[in-house]
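K.L.:
Each chain, written out:
2 protein chains.
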Amino acid sequence: MAKPIKKILNDPRRAVDEMLDGLVLASDGRTKRLAVDAIVKSEIPDGKVALLIGGGSGHEPLFHGFIGENMGDGAACGQFFAAPSPHIVYEAAKAVHRGKGILFLYGNYAGDNMNFDIGAEMLADEGVEVRTVRVTDDVAAAPPERMHDRRGIAGDLLMIRVVGAAAAHLDRLDEVERVAKKAMAGLRSMGVAVLAGSIPETGKLTFDLADDEIEIGMGAHGEAGISRQKLGTADEITDQMMEKILADLPFQAGDEVALLINNLGATTMMEMLVVNRRVRQILAERGITVHRSDVGTWVTSQEMAGLSISLMRLDGELKRYLDMPSRSVGYSSLEVK
Amino acid sequence: MAKPIKKILNDPRRAVDEMLDGLVLASDGRTKRLAVDAIVKSEIPDGKVALLIGGGSGHEPLFHGFIGENMGDGAACGQFFAAPSPHIVYEAAKAVHRGKGILFLYGNYAGDNMNFDIGAEMLADEGVEVRTVRVTDDVAAAPPERMHDRRGIAGDLLMIRVVGAAAAHLDRLDEVERVAKKAMAGLRSMGVAVLAGSIPETGKLTFDLADDEIEIGMGAHGEAGISRQKLGTADEITDQMMEKILADLPFQAGDEVALLINNLGATTMMEMLVVNRRVRQILAERGITVHRSDVGTWVTSQEMAGLSISLMRLDGELKRYLDMPSRSVGYSSLEVK
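If you're matching them up, the sequences are chains A and B in order. With my numbering, letter number 274 in the first sequence gets 275, and the count goes up by one each step, no holes. With my numbering, letter number 5 in the second sequence gets 6, and the count goes up by one each step, no holes.
These are calculated hints, taken from the structure and not from any lab test. There's no promise every hint is true.
Repeated chains share a single entry, so a pair holds when one copy, or any two copies, can fit it.
[Unchecked claim] Below, in silico cross-link-like pairs of lysine-lysine (DSBU-like), each with a Cα-Cα straight-line distance of 35 angstroms or less: (1) LYS231 - LYS7; (2) LYS101 - LYS231; (3) LYS205 - LYS320; (4) LYS245 - LYS33; (5) LYS49 - LYS7; (6) LYS183 - LYS320.
In isolation and in its complexed conformation, chain A is listed as follows (with noise of 0.2 angstroms):
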């Protein structure tokens, strides 16, 4: 299927350079660009526990977009889907400590892995604390028992919702890191992939897919999925993805959840509506309670059409986090009493 790569913008290769000015200046003041490729606040209160997240970039506004008000401090920026560097990691999180010590939360991708651990380690060095939690969130990336070999996906925003708020509020990186291990443990996500995106610089496609056919559980650059198949109703691949989840935790009557569906770029919000009216009836039906939701374009792919479910269970502390108002060029919400 041959599709022309058809984008505003300048140079390919400067785009990300432009992208981060034009983010921070999306953020009327409240960002600052560092000398590297990387995105802090500009007002980080002196005692304050850090966050630090981070990642390659064409998935905005992940990850540099969510730098704000009860979310992250600061991010450390990549090129095109490839993690940013250990120096971009270490001059990022310089930035951002105040000397209570740093969170790293960034999604779980080898690149990303080796250059933050490296990162940490120079950090280290320095006596600065760090600690670190990857998020995990994809169901269909491996099976539970190897969870920790799980890509982060869509998860990625609610997981800095709600570990910003906590790392705004609690006063030791250790409580910040319960918080955020709590919360991952109980995150799960899918999506599904109808058309690729292509990347600027090479000009390609990420992945090929006929014309009549989707893959369920693909990843956010076009890794494998579990069933390549024909594209069906969205009620029949809601019921998929939700089977797929909800097996997975699992999650049981009576439980509490946020909800998150979210486009990987070019899926229309009807589309995306109608998949919501779907899931709703599900979790209806299996006594499993909606706290708080979002439907909208947060973790994306470039132009790849597909979404994404993300389902994280809340207890009374989770709730309260995510309760709280939030403010980014990338996502805000107003507080939730």
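Since the structure of chain A is already known, use the hints to place chain B on it.
P.N.:
Leaving out everything else, chain B in the frame of chain A:
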């Protein structure tokens, strides 16, 4: 350029109906659906001036996704790219009226104008006072002396936010209408289309562009723009659009504006941020200050690729309303203090 329609839907003829159900569910109790295709806030205080918005579906989250705090009280929804019927307008208006009259706010399209006007006449027969302000922000649609012939595009969101906040805080319909007219008088937008979207009911693309072509000034349904040309760089395209927008009002050094960069569907946030960088350079050169800005996906044309730039000239009163918090499924923002 063949492009398959490949959407996650059930029966396309039921898509609007199912989408509205999904939208109400996504509002977590803050909206409800009427027996007709209309969505209204669950709670509207007695004695409030009502704001009714609406238009064709297929542009989600516009309009029906913008019902909520300091935004619309209700939305009358049509089918794909088609105006809501007078009956839907009437029923939605009755459901939001609280004894202080209703402002109708919608994009300037012949079908919408006719049906909202008929609805207004039906209400007038019952003694309900209605005023109408049409959004006519697209500078590509007609020359300045025929401003009233211009169609509405992404400026709708800025209008819904300013007028929504005014309608929540002012006591009289006259006053809300005055604010709406002032906001509209200072609002200008222009779009660029890169790839067509498709209508699920027919499976047809809304227009045809060659693989290396773009159209500057194209409307949200594929209406003709002012220039079909080869794809240039982001800076070239931005310069061309900004020149038209800035010449139209004209905006002057010392002006304060709200800036909105809107994704028409499948354009990446990376592209929008690169454009934002150039827009900010141009505004800084002209001595125009951005009071606040938004970069995101709000007024779409299914999966059309392209974006639009909107500027609203602000005075102290308009700033006050724009800085109030907003909450809806499609747009939320914290108060700016």
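K.L.:
Hints first: check each against the structure and report whether it holds.
P.N.:
How the hints compare with the structure:
Taking the shortest Cα distances, LYS231 and LYS7 sit within 35 angstroms of each other both inside one copy (27 angstroms) and across copies (11 angstroms). Taking the shortest Cα distances, LYS101 and LYS231 never come within 35 angstroms of each other, neither inside one copy (52 angstroms) nor across copies (54 angstroms). Within a single copy, LYS205 and LYS320 get their C-alpha atoms no closer than 42 angstroms, and across copies no closer than 44 angstroms, so neither meets the 35 angstroms cut-off. Taking identical chains as interchangeable, the C-alpha atoms of LYS245 and LYS33 lie at most 35 angstroms apart only when they sit on different chains, with a minimum of 31 angstroms there against 41 angstroms within one chain.
In the homo-oligomer, the alpha carbons of LYS49 and LYS7 never lie at most 35 angstroms apart, since the shortest distance is 44 angstroms inside one protomer and 47 angstroms across protomers. In this assembly of identical chains, the alpha carbons of LYS183 and LYS320 lie at most 35 angstroms apart only when taken from the same copy (12 angstroms versus 41 angstroms across copies).
Against the hints set out earlier in the document, violations occur for numbers 2, 3, 5.
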